[in-house]
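Peer 1: With the sequences and hints as input, model every part of the structure.
In case you want the letters, here they are:
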Amino acid sequence: MTNSIHDMGGMHGFGPVVPEPNEPVFHEDWEKRVYALQRAMGTPGLWTIDGGRASLENLLPLAYLASSYYKRWFLGLERRVVAHGLVGDDEISASRSLRPGIRLNRKMTLGDAMKRPLRGNFERPAPGPARFKAGDQVRTRNIHPPTHTRLPRYARGKLGTVEAVRGCHVFPDSAALGSGDNPQWLYTVLFAGRELWGEEADPSIKVSIEAFEPYLSRA
Amino acid sequence: MPANDPPTHKHDPGSELSEMQLRVKALETILTEKGYVDPAALDQIIENVETRIGPHIGARVVARAWVDPEFKRRLLADATEAVNSLAGFNPVGAHLIAVENTPQTHNVVVCTLCSCYPWDVLGLPPVWYKSAPYRSRTVIDPKGVLADFGIALPPGTDIRIWDSTAETRFLVIPMQPAGTEGWSEEQLASLVTRDSMVGIGLPKSPNENKAEAAR
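Protein chains in written order, with my numbering: chain A, 1 to 219; chain B, 1001 to 1215.
Hints were generated in silico from the structure; no laboratory data involved.
No residue lacks a Cβ here, since even glycine has one placed at the ideal position from N, Cα and C.
Any given hint could turn out to be false.
Stretches of chain B that chain A covers, calculated by requiring three or more beta carbons in the stretch to come under 8 Å of a beta carbon on chain A [said to hold, decoys possible]: (1) 1026 to 1035; (2) 1042 to 1053; (3) 1089 to 1096; (4) 1119 to 1128; (5) 1152 to 1162.
Peer 2: So this is what it looks like as structure tokens:
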């Protein structure tokens, strides 16, 4: 969802950031299993990275805030395997399999896992020329879609400058809905701190977001 | 544990910890029995992130940029290509962007919407990077967040925040510490901390490094 609790930029009240010296990669063994399950279950391609994010954003705000990072991943994964018909609610309740699995197109094998993990490439051939170029003044749209978007609330309806054109990429707002890649041009858009946070804001601060073309209008 | 609890918080036996152990075990059992996952592949995925990827990768990239101006130029132009050109180096995924700290501008990376992080050069993100305090405050009060880490930038330094709202990922190239001219790439890499490559710390000074080595 768009205006949900995950969209945290600029919120007050969460307290100080607490660094942890010599932090381990994982704090609990179950976190390792959740991490691995999440990666392995991404392999069949039944959902996109954006669909995965959307399932976390749909958690109730109280559940989102009360859950650690890997617990959120777990809750999202549990929802997704049920929503995609891979696992039944009755099997979740029974804590065991009650019927054979459905056939998957791909599965992560040990051989796949031996390869060094590599981030996916989300760039796609451009369906048309980019509308903006570096240096252009733009205003972000004031949109509030009820579905997934990557335009944060704090940066909506704001005046900024295109700093760089980053190529044409999968559009998360479409991909999260299972509506395909719908590739869109992606830009780094830079805002003055005062444009985002008002006259009292520190003038030495600038903030950029990575903005897809449908988020922008010419200013 | 709640995202804003101190990371050292320990759970009472029988609370969330054991509940999560049971629930995760149950889901893994179901997914394995139905033939969707291979437990050996899961073990290997965990080994990869515990032993093979980590901030040592980014540190090598930064150290090379400090000693080789041509490499730094290529890194700033196309970080994915430049990193993948390093001899003997494992590839990183697309679309990595390197941003350079200067005496005028200090860069900080955040993801306000989730926890996007350049894990193929830095490993998995620390808890603080994924926490509500970091995600909420960095874009509005970066100096306060830096202060939480004991960092005060020289007066007059501009702060540039990069919110990772797409599949582009950012690696900060910190400034080379004074007094390290002529050091080897390996020596320099030992000064480059994870936090300095997120922009929320500074590289170790030669003295700090010596003191740590002596401990």
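Peer 1: Do three or more residues from the segment 1152 to 1162 of chain B put their C-beta atoms closer than 8 Å to C-beta atoms of chain A?
Peer 2: holds (count 7)
Peer 1: Is the listed coverage of the segment 1026 to 1035 of chain B by chain A valid when you require three or more residues with a beta carbon under 8 Å from a beta carbon of that chain?
Peer 2: holds (count 9)
Peer 1: Are 3 or more residues of the segment 1089 to 1096 of chain B near chain A, judged by a Cβ distance of less than 8 Å?
Peer 2: Holds: 6 residues of the segment 1089 to 1096 of chain B have a Cβ under 8 Å from chain A.
Peer 1: How does the segment 1119 to 1128 of chain B fare against chain A when you require at least three residues with a CB closer than 8 Å, holds or violated?
Peer 2: Three-residue rule met by the segment 1119 to 1128 of chain B, so holds; n is 7.
Peer 1: How does the coverage statement for the segment 1042 to 1053 of chain B fare against chain A, requiring three or more residues with Cβ below 8 Å from a Cβ of that chain?
Peer 2: holds (count 10)
Violated hints for the displayed structure: none, as all numbered hints are satisfied.
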